[in-house]
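Enquirer: Could you put together the complete structure from these sequences and hints?
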Amino acid sequence: MNDTSSEPGGSDPEEPAATPERDPRVAEFARHWARVVIGTSYVPMGRPELWEFLEERTERLLRALTADSFHSGNVTGVAADLVRVHLVDPRALRRTLELLGSRLPGLARELGAVRGEAAERMNELLASFGEGFAAAAKRRVLADQELVQRAVRDARDVAEEALRASEARFRAVFDTSALGIAIVDLDGRVQDVNESMGTIFRTDSSELLGCRVLDLCDPDHREVFQGEQDALVAEVYERFMVEVPFTTDDESLVWTQVSGALVRDADGEPEYQVVLYADITDLQLLNERLNTQATTDPLTGLANRTRLHTEMDKALSPGAGARRVGICYFDLDGFKTINDSLGHPIGDELLRTVALRMQEVAEQRGALAARMGGDEFVLLVPDTDGPGGMVPLVERTLEVIREPVRIGSHELKASASAGVVEQPVAGTDAQLLLREADITLYRAKDEGKAQWVLYDEERNSAARRRFELSATMPAALDNNEFFVEYHPVRSLDDDRIVAVHAEPRWDHPELGELAPSHFVELAENTGMITRLSDWLLRQVCEHVRGWLHWLGDRAPVAVVELSGRYFRDPDLVNDFRSILADSGVTADRLRLGVPEDSLFDDVGDPVDTLGIVREFGAGLAIRDFGTRYTDTRRLRELPVTSVHISGQYLTRLADRPESDPLDEHLADSVITAARLLGMSVVAGGVDTRGQAERLREKGVQAVRGHHAGAPFSAGEVEQVLADSLEGAG
Numbered sequence: 001m002n003d004t005s006s007e008p009g010g011s012d013p014e015e016p017a018a019t020p021e022r023d024p025r026v027a028e029f030a031r032h033w034a035r036v037v038i039g040t041s042y043v044p045m046g047r048p049e050l051w052e053f054l055e056e057r058t059e060r061l062l063r064a065l066t067a068d069s070f071h072s073g074n075v076t077g078v079a080a081d082l083v084r085v086h087l088v089d090p091r092a093l094r095r096t097l098e099l100l101g102s103r104l105p106g107l108a109r110e111l112g113a114v115r116g117e118a119a120e121r122m123n124e125l126l127a128s129f130g131e132g133f134a135a136a137a138k139r140r141v142l143a144d145q146e147l148v149q150r151a152v153r154d155a156r157d158v159a160e161e162a163l164r165a166s167e168a169r170f171r172a173v174f175d176t177s178a179l180g181i182a183i184v185d186l187d188g189r190v191q192d193v194n195e196s197m198g199t200i201f202r203t204d205s206s207e208l209l210g211c212r213v214l215d216l217c218d219p220d221h222r223e224v225f226q227g228e229q230d231a232l233v234a235e236v237y238e239r240f241m242v243e244v245p246f247t248t249d250d251e252s253l254v255w256t257q258v259s260g261a262l263v264r265d266a267d268g269e270p271e272y273q274v275v276l277y278a279d280i281t282d283l284q285l286l287n288e289r290l291n292t293q294a295t296t297d298p299l300t301g302l303a304n305r306t307r308l309h310t311e312m313d314k315a316l317s318p319g320a321g322a323r324r325v326g327i328c329y330f331d332l333d334g335f336k337t338i339n340d341s342l343g344h345p346i347g348d349e350l351l352r353t354v355a356l357r358m359q360e361v362a363e364q365r366g367a368l369a370a371r372m373g374g375d376e377f378v379l380l381v382p383d384t385d386g387p388g389g390m391v392p393l394v395e396r397t398l399e400v401i402r403e404p405v406r407i408g409s410h411e412l413k414a415s416a417s418a419g420v421v422e423q424p425v426a427g428t429d430a431q432l433l434l435r436e437a438d439i440t441l442y443r444a445k446d447e448g449k450a451q452w453v454l455y456d457e458e459r460n461s462a463a464r465r466r467f468e469l470s471a472t473m474p475a476a477l478d479n480n481e482f483f484v485e486y487h488p489v490r491s492l493d494d495d496r497i498v499a500v501h502a503e504p505r506w507d508h509p510e511l512g513e514l515a516p517s518h519f520v521e522l523a524e525n526t527g528m529i530t531r532l533s534d535w536l537l538r539q540v541c542e543h544v545r546g547w548l549h550w551l552g553d554r555a556p557v558a559v560v561e562l563s564g565r566y567f568r569d570p571d572l573v574n575d576f577r578s579i580l581a582d583s584g585v586t587a588d589r590l591r592l593g594v595p596e597d598s599l600f601d602d603v604g605d606p607v608d609t610l611g612i613v614r615e616f617g618a619g620l621a622i623r624d625f626g627t628r629y630t631d632t633r634r635l636r637e638l639p640v641t642s643v644h645i646s647g648q649y650l651t652r653l654a655d656r657p658e659s660d661p662l663d664e665h666l667a668d669s670v671i672t673a674a675r676l677l678g679m680s681v682v683a684g685g686v687d688t689r690g691q692a693e694r695l696r697e698k699g700v701q702a703v704r705g706h707h708a709g710a711p712f713s714a715g716e717v718e719q720v721l722a723d724s725l726e727g728a729g
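Under the UniProt record's numbering, the first residue of the sequence shown carries the number 1, and numbering increases by one thereafter.
The hints are simulated quantities; they were obtained by calculation from the structure and are not laboratory data.
A portion of the hints provided could be inaccurate.
Unchecked claim - Capping the alpha-carbon separation at 35 Å, the derived lysine-lysine pairs in DSBU-like fashion look like this:
no.: 1; residue 1: K449; residue 2: K413
no.: 2; residue 1: K445; residue 2: K336
no.: 3; residue 1: K449; residue 2: K314
no.: 4; residue 1: K413; residue 2: K336
no.: 5; residue 1: K314; residue 2: K336
As the list claims (entries may be wrong) - Listed next, with one range per pair, are the computed distances between beta-carbon atoms:
no.: 6; residue 1: L662; residue 2: L477; range: 40 to 50 Å
no.: 7; residue 1: A710; residue 2: G617; range: 26 to 36 Å
no.: 8; residue 1: D204; residue 2: D429; range: 52 to 62 Å
no.: 9; residue 1: Q431; residue 2: A67; range: 19 to 29 Å
no.: 10; residue 1: E269; residue 2: G427; range: 54 to 64 Å
no.: 11; residue 1: E399; residue 2: A119; range: 23 to 33 Å
no.: 12; residue 1: P516; residue 2: T586; range: 20 to 30 Å
no.: 13; residue 1: T586; residue 2: R675; range: 22 to 32 Å
no.: 14; residue 1: W535; residue 2: A135; range: 50 to 60 Å
no.: 15; residue 1: L676; residue 2: A450; range: 50 to 60 Å
no.: 16; residue 1: D478; residue 2: A67; range: 25 to 35 Å
no.: 17; residue 1: S72; residue 2: T337; range: 35 to 45 Å
no.: 18; residue 1: M241; residue 2: S341; range: 25 to 35 Å
no.: 19; residue 1: G617; residue 2: L676; range: 16 to 26 Å
Cβ coordinates follow ideal geometry from the N, Cα and C atoms, glycine included.
Expert: In structure tokens form, the structure reads like this:
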């Protein structure tokens, strides 16, 4: 075929316009696909039909590339369709894969449908396409083989008057088939071959006469081949098919798909074999390449998750003796900062350098280096000799990671944290091993960066419980497992309750009632704090609305502590406005407690939320005032009404007949600073009358703790206030 428009962007006067429903870019891609493969195979359709056919397959591949979950069947079906329309030449497959790999991701990006894991998804797509093509080609070979075998049977079974015609038909098939055909006696000796046999085995076909059919197979595959032949001759089954390699005289490797069938004489007894050979070298090499791509991280060249899990299954398979296995889970420290400040190309180059160094260390130890994704890496060590044997490996790996990396004009110094697990193979599996290593890594980063931590069952169990709490927190909110408990804030002047302090608690179905110390920090770390704080504000506002209805002006002010992260959340203002509107409560009925360092941004300016809080009319209380170094002069212009102080130094004020001078100084300095700023002072954790008296003498107005009273529910507020008034009177 004389195609003058085989290059990308070429045109053809026969090309029809793209259908209105199909994006023109898809149609152009399909036409380029047609130009790439035309001439490699006979296609029983005209150009317009081929274009339409490939446009539909392009759309199916795009859907597979951008779907939420990848289904290989959607891709293997497209590959099988190519075989069905006779695009079976290896050149057609090779050109198709090159086209898909180089241009399909770009087309997906143009159409705005790129996924985050596009590179890995593309590897899966190409691997599935190659597998589908190979499988369909095998089925087609079998169909051709059946045709040959039918011709052989017909040649033996036809009536005598048609014998010469049948033999001529068989000889035509024999001589012209692209398949290699060998007539083999029952002892396995080659009696006759066609010219294609010589082409496949890179020799003159006459050189194959008289050789054993097993000689056309490399030694390490002969046992399987021999077994199939013996079963065929013994009439265990009618035919066999195996894939075997053969190394030619010039050291070329030829992969063949071999199928054999018996031919019987007029009495039905086995007479000889017909063995058919298909050259599948290109397909085999393609499959190996695609398999490598599917199991290799495209950025670093290390093993990816797929290969890691395969190797872990091997390492965890039972064997002789008490086998052990080890795994080191690494995470680069501060890698996000490098990406954000220097750009992703610099970050990618750093990852490649770290991966290369880890690979060298792993190869020296007989370990597997894999990238889990992002800046996380794993070293898998099969057949370890105990935890002590892992120490040199992890320390050497951390050492090479710390070596400076020169990238362009930048000299970077990376570091990593690592979790190390080493244990018997018995009783573990890949998922459990990775989870324990991940938890151990979390402990390493929690205890300080640039270090490694060895697996500890008890400490990992505690960390695992924290993770489980974190994972179940969203469902717990949905299931109404959280509730609000209130702590009275008592005035030291008249002993009356002047406010109530809201505290979230978790009624866990298994662990019982949990205080905030068990879950608030987890919520901070996982981002759940925004949802938890939003829930707390809504609950408190609903309770305040009820108190106002029952008690009127006697309803107490509610203090709600907000985390620094939530207070600086850009959505807080809209959320707060919505919560107040839904509840009908005015903001002056609330006091918002926030950490001191959350009042200012990174450059030291007050955060925008402060101005909005002032406009709403809510009171603002600084939590843990004085525990961090702050230029207190910056607080003068902020809408802060009170400060909350707490700490062991307050508790110790009444522990001895004479308090420690340092504790006295700390208390005096913090309380005096707050008073000079014009703010009232509330002390937390006050449990005894002695503490309360000392704090009142120093200028504290109110306290919270056992001395102020026991916590209570929202429905008990009226009784608590009544008791407070009675006690004060």
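Enquirer: Does each hint fit the structure? Answer for all of them.
Expert: Do the hints match the structure? See the list:
1. K449 - K413: The hint holds at about 14 Å.
2. K445 - K336: This hinted pair holds, its Cα atoms lying about 15 Å apart.
3. K449 - K314: holds (32 Å)
4. K413 - K336: The given pair, whose Cα atoms are some 14 Å apart, holds under the 35 Å limit.
5. K314 - K336: Distance of about 34 Å is within 35 Å: holds.
6. L662 - L477: 40 to 50 Å: Taking Cβ atoms as reference, L662 and L477 lie about 43 Å apart, which means the hint holds.
7. A710 - G617: 26 to 36 Å: holds (31 Å)
8. D204 - D429: 52 to 62 Å: holds (55 Å)
9. Q431 - A67: 19 to 29 Å: holds (25 Å)
10. E269 - G427: 54 to 64 Å: holds (58 Å)
11. E399 - A119: 23 to 33 Å: holds (31 Å)
12. P516 - T586: 20 to 30 Å: holds (27 Å)
13. T586 - R675: 22 to 32 Å: holds (28 Å)
14. W535 - A135: 50 to 60 Å: With Cβ atoms ~54 Å apart, the hint holds.
15. L676 - A450: 50 to 60 Å: Violated, since L676 and A450 (Cβ atoms, about 43 Å apart) do not stay within the stated range.
16. D478 - A67: 25 to 35 Å: holds (29 Å)
17. S72 - T337: 35 to 45 Å: holds (39 Å)
18. M241 - S341: 25 to 35 Å: violated (59 Å)
19. G617 - L676: 16 to 26 Å: Cβ of G617 to Cβ of L676: about 25 Å, so the range 16 to 26 Å holds.
Violated hints, in rising order: 15 and 18; the structure is consistent with all others.
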